[in-house]
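Asker: Residue numbers (the working numbering), protein chains in the order written: chain X, 1 to 480; chain W, 1 to 503.
Incorrect hints may appear among the rest.
Derived contacts from chain W toward chain X, CB cut-off under 8 Å, selection only [to be verified]:
#, residue
1, I73
2, I169
3, F423
To be clear, the hints were calculated from the coordinates, so they are not data collected in a lab.
Even for Gly, the Cβ is constructed at its ideal location relative to N, Cα and C.
As a plain string of letters, each chain reads:
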Amino acid sequence: MITLNDLLVMLPELYLTAAACLVLLFDVFISDDQRDATHWVAIIVMLVGIFLVIRGQPDMTVTAFGGMFVRDHMAEILKVTVLIATILMFVMARPWLRDRKLFMGEFYSLSMFSVLGVMLLVSAGSLITVYLGLELFALPAYALVALNRESKLSSEAAIKFFVLGSLASGLLLFGMSLIYGATGTLDLHGIFAAAGTTAHPHLLQFGLVFLVVGIAFEFGAVPFHMWLPDVYEGAPTPIAMYISAVPKLAAVGLAYRLLEVGLGPFAHDWRIMLAIMAALSLVVGNVVAIAQKNFKRMLAYSTISHMGFVFLGLSNPTPEGYSAALFYAVCFALMETVAFGVILALARKGFECEMIDDLKGLNRRSPWFAGLMAIAMFSLAGIPPLWGFIAKVLVLKAAIDGGMLWLAIVAIICAIIGLFYYLRVIWVMYFEAPAEGVEPLQAKPDLALRGLLSINALGLIAMIFFSGPLLAWCRAAFGV
Amino acid sequence: MSDWPILSILTWLPCAGAILVLLAGDARPRVARWLTLAFTVITFALSLLMLSEYSAGPGGFQLQEMHRWIPGINSSYHLGVDGIAVALIVLTTFTTILVIGGAWQVIKDKVHQYMAAMLVLEGLLIGVFCAMDALLFYLFFEAILIPMFFLIGMWGGPRRVYATLKFFIYTFFGSIFFLIGLLYMYHRAGTFDLQTLWAFPFTMQEQSWLFFSFLIAFAVKTPMVPVHTWLPDAHVEAPTGGSVILAAIMLKVGTYGFIRFSLPITPDASQYFAWLVIVLSLIAIIYIGYVALVQPDMKKLVAYSSIAHMGFVTLGLFIVYMLARQQHDVQTAQLGVQGAVVQMVSHGFVSGALFTCIGVMYDRLHTREIAAYGGLAKVMPWFAAFWVLFAMANTGLPGTSGFVGEFMVILSSFTANPWIALFAAYSLIIGAGYTLYLIKRIVWGTAPTREAAAMPEINTREGLVLGAFAVAVLAMGVYPWPLMHLMDSSVAQLVTHLMTSKV
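The following block holds chain X by itself, in its conformation from the complex (with noise of 0.2 Å):
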C-alpha cells in the first residue's frame, strides 16, 4: 500500500522523473533555434531540484516503500552535488555542443534521466533499487557517449563502455542473487541481520566478491579500468565530464549502501579487497598517466588514481572512513569538472584542445583559463592550499586511524608520482611557448561558460577556509 507519506520522501525523484519527461516533450514542440530554451528550462528543472533536495531533508534517516527507498543525510548530499555537476555540464557545454551541431533535446532529458538513476541508487534501501537506480544511470549514459553520430571514436566508446557496462551489471547481478540466496532476503538491513547467522557464509562471500567487483568497476578502480580511458577520450567532452564527477559520486553511495549497509558484518573481508584495489589503482593510474599525450585520457588515469584515494577512506569501515571518501568523492567530482570546463572554453570548431601541447603558451594568450586549469592541476595534485589537499588529508588520516599506515604509504608514494603529470600540464601552460603556426587558442565568448567556470575553480581555493561545514554536514552523513 503506497501512502502519502511515500510520496513525500520520494518527492525529488518524483518530480525529477515528472521534469525530464515534460523537459523531452517540451524540447519536441519547438524548433532548433529556440533551443536555448530547452537548455534554460533544464537548468531551472535542475535548481528546483536542489532546492527540494534540500528543503526536504529530514533530520534522521527516513525509508519509503518498505524500506525500499531510503532517505538520509548520506543521500542528500550525493544527490545535491551530483545536480550541481549536471548543472555545471549543462552550462559549460552549450557553446560546445552548438559548435559541433550537436546540440540536442535529447541531450537533457538524457542527463537528466541518468541523475535521476543515480538519485535512487544512492537512496537505495534493497537490492532491487540498487540495481534499478544503476541501471537507470547508465542506460541513458551509454547514450550519451554516443551522442555524436557522426564519429567513429564516440561510437566505438559507446559500444565498449556499453559491453562492459552490461557485463558488470551482469557480475553485480550475480553476486545479488548470490546474496539472495544466502539471506532469503533483499533489503539490505535485512542482509545485515542475517549476515551474522546466515548457514551459508561461504556462498555470501563467494556473492561479495562479485558485488566488490560490479562496485570497483563503476569507480573504474583496477584492475576493473580499462574502460575508463577509452570512454573518456571517445566521448564527446561534456559527456566525458559528466562521466567523471557523477558516477564516482554514485559508486560512494552504492559501495556503502552493498558493503556497509548490506554486508557490514564481512567487512573485514571487503576492506582487505578495497585497500589492495586502493593500492593497485594508485599505482597503475599514477603511472601510466605519466605516459599519456591526450589531455582527457591522462585525466581518465588520474581519476583511476584518485578512486585509489577514495578507497582509503572506503577501507577503513567507520563513520570517519566512509565520511573521508565522501568528502573526497564530493571534492574530486568539482575538481574534474573545472579540468573539463578549461578544455570545453577553449576547444572550437575542428579543435579539440585535446592533446596536452594543445595548451602550450596558453598563459601568453589567455592568462585567466591558464590560472583556471592551473588551480585544477595543482588541486587535484594535493598541494595546499587547494582543496584537493585537504580531501586527501582526510582520506589518509582514515587509512592510517583504520591501522592501514601501508596503504598511505603507497599512497603518499604515488602521489610524488603523479605529480609529475600535474606539474607537466602547469609546465606546458606556462613556460613553453605555443608550436608555430598555430592559431592562437581563444576563449569562447560565452559569458555563463565563462563565470560560472572562474566560480567553480576559485571555489577549489576558497573551500580550504569552508571545509570545516562541508566535512561537518559529510560527518553528520554517518552520524558522526
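Using the hints, position chain W against chain X.
Answerer: Frame of chain X, contents of chain W only:
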C-alpha cells in the same frame, strides 16, 4: 592596537596585494611595480609594529589568534609568534622589499605575474612563521612551492624546467612524509595544536619514527647533505629575486621546522639521533665547503656556501642535547640555539646580498662564469666595495653579522666536544678560502674582455638595495644585542622544554 589581528593581516595583506597586482595586467608593468612596492613597504611597517607589540621580556607566544577552521579534524586557524618567529618575520618583510627593488627594471616579461608571485610568497612565508597549528603550518610550508615553481619556471635560465621539477619534486617528496607524521600524531593526540603536541608524551619508538618523518622534510628544505642537490640547480636557474628569497628565507623554513617540530615534539629521539644530524652538519660544513671552492659559476659557489652555512644552524640546534641533557650546561646550550638563530638571520642578509650582487653583474654581462669577470674594483668601485663587505661577512669576519652566529655555535660546540668545534671551526678557513678566491678573481686583477672592462657602475636603485643589506649586516655584526634580547626568553623556554624527557 593590540586587539588587531596583526599576524593575519601580515599574512594575508601581501596575498591580497597579489590579486590587485594581477588585475593591473600585463600592459601596465609600472602600476604593478609600484603597487607591489607599496604593499611590501606597508607589510614591512606592520611587521615593525608587530615587533614593537611583542614584549621580549616574558617571551612565550604572543599576539595569538585562534579561530575554528576544520573542527571535524580538530584543526584550528591558530597564529602566534615568539621571539624567534618575530625575528624571522621581520627578516622576511625586509628582504622582500629589497628583492622587489632589485627586480625593478630587470624583470621585463610578465611583470605583474612576477610581482604577484613574490607577494604571495611573502605572505605564505610569514604564515609559516606564525602558524601554531601543525596542519596550518604544513599548509603554508607546502604552498610556498607554488609561487616558487612559477618564479623559477617562468623567469629562470635555460634549464629551468629541469630545475623547477627537481626542486618541486624533491621538496614535495620531503614534506609529504612530514604529513604522514602529522597525521600519525593526530591519530595519537587527537589534535593538530602545536602546544598540545609539544606536551604530548610520545613513546620512544613513536618519537623515532616521527623524528625521521620530520628530518626528511626539513633536511630537504634546509638543505642538508645528502639531499642538497636540488639547491644549486634551483639557484642557478632561478631569476635573481627567486634566488634571494630562496637563500634568504626559504632555507630558514627548514631549520625553523626543526625548532618547532623536531626539537620540542621528539626531544628524546632528537637526543638519540643528534649525532646523526651533527655528523651530517659537519659534512655539510667541510665537504660542501670544498665543493664550493671549485665552482666556476658564481651562483653555484654561493649556493654551496649556503649549504655549508646552514650546516652551522643544524649543528647549533642539535648540539643542545649534548650540553643540556648530558652536561646540564643550560647556559651554553642556549648559546648554541641562539647562535643557530642568529646564523639564520645573518645568512638571510648575507646570502641575499650576495645573490643580489650576482644579479647586478649578470644584468651587465649576462654570464655567471667567474672567469668572465675581473678588475671590478677599477670599473665599479662602489659595487666592489659592497662585494668585499658581503664576502667578508660570508667568511665570518668579526664586525659583520656572519661572525656572531658562527662564533656562538663554535663556542657552544667546543664546550660539548672540542673535536666537533675543531671540525666546525675548520670551515672558517675553507670559507675564507673560497670567498677570497672568488673576490680575487672578480674584484682584483684585470678585466678579461672589453665588455667586462666597460661595465657601468651601479645606479642609485641598486646602491640603495645593496646599501640596505650592508647596513643590516654591519648593524648585526657590531651590535647584535637587540636580536639576542628579542629571542632570549623564547630560546630559554625551548631549552627548558628540551631538558625534560617525555619517556
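Asker: Quick one: which hint numbers does this structure break? Sort them smallest to largest.
Answerer: 3
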